[in-house]
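Trainee: Sequence:
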Amino acid sequence: MLVLAQVLAGLAALVHVYIFVLESFAWNTPRGRATFATTPEQAASSADLAYNQGFYNLFLAVMSATGIGLLALGVTGPGAALVYAGAGSMALAAVVLVTRNRAMARAAAVQGVAPLLAVVALTVALVG
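If you read the sequence shown in UniProt numbering, its first letter stands for residue 1, the second for the next number, and so on.
Calculated directly from the structure, the hints in this document are not laboratory data. Be careful, since some hints might not be right.
Claimed, not checked - Label pairs and their in silico Cβ distance ranges:
(1) Thr123 - Ala72: 17 to 27 Å
(2) Gly128 - Pro40: 45 to 55 Å
(3) Thr39 - Gly69: 39 to 49 Å
(4) Ser46 - Val110: 18 to 28 Å
(5) Gln42 - Gly128: 39 to 49 Å
(6) Thr123 - Val62: 19 to 29 Å
(7) Met1 - Ala103: 27 to 37 Å
(8) Tyr56 - Asn101: 15 to 25 Å
(9) Glu41 - Thr123: 43 to 53 Å
Note that CB positions come from ideal geometry on N, CA and C, so glycine has one too.
Go ahead and model the full structure; you've got the sequences and the hints to work with.
Mentor: Written as structure tokens, this is what we have:
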């Protein structure tokens, strides 16, 4: 179950690295605007916020990846703490997204299902 938790947390980290790229570097591109359903004007006026938000997503990915690495090395306590913090934050951010705007349910699922399952699998691995 620990390996499953690491795989799911890794998948979540990869998704958040992709979101980082979209928010921080592709925000004003046609692809970025289509992904986030913004007009060129909206994208231009929110580019600084998106750039910053992208880095939050990158830091969550790095936190989770560091936890995965520590777990792989047998450093269970700190590794689990980092995976819980990173993946847990990702999952909770998805809840915030969908409760704020139900139309974002698909995006929230992409953002939140893997980290939520990682937290569940990690808990089962540590408790079981």
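Trainee: With respect to the beta-carbon atoms only, verify the hint that glycine 128 and proline 40 lie 45 to 55 Å apart.
Mentor: For proline 40 against glycine 128, whose Cβ atoms are near 51 Å apart, the range 45 to 55 Å holds.
Trainee: Return holds or violated for the Cβ distance of tyrosine 56 and asparagine 101 against the range 15 to 25 Å.
Mentor: About 18 Å separates the Cβ atoms of tyrosine 56 and asparagine 101, which means 15 to 25 Å holds.
Trainee: May I ask you to test the hint 39 to 49 Å on the CB atoms belonging to threonine 39 and glycine 69?
Mentor: 41 Å, holds
Trainee: Glutamate 41 and threonine 123, beta-carbon distance inside 43 to 53 Å?
Mentor: Given range 43 to 53 Å: holds, Cβ gap about 45 Å.
Trainee: Quick one: are threonine 123 and alanine 72 within 17 to 27 Å, going by C-beta?
Mentor: 18 Å, holds
Trainee: Tell me if the beta carbons of threonine 123 and valine 62 are separated by a distance inside 19 to 29 Å.
Mentor: 22 Å, holds
Trainee: Could you check the hint for me, namely that glutamine 42 and glycine 128 are 39 to 49 Å apart, CB to CB?
Mentor: Given a distance of about 47 Å, which is inside 39 to 49 Å, the answer is holds.
Trainee: Verify the CB-CB distance for methionine 1 and alanine 103 against the hinted window 27 to 37 Å.
Mentor: Given range 27 to 37 Å: holds, Cβ gap about 35 Å.
Trainee: Taking the Cβ atom of serine 46 and the Cβ atom of valine 110, is their distance within the range 18 to 28 Å?
Mentor: With Cβ atoms ~20 Å apart, the hint holds.
Checked against the numbered hints listed earlier, the structure breaks none of them; every hint is satisfied.
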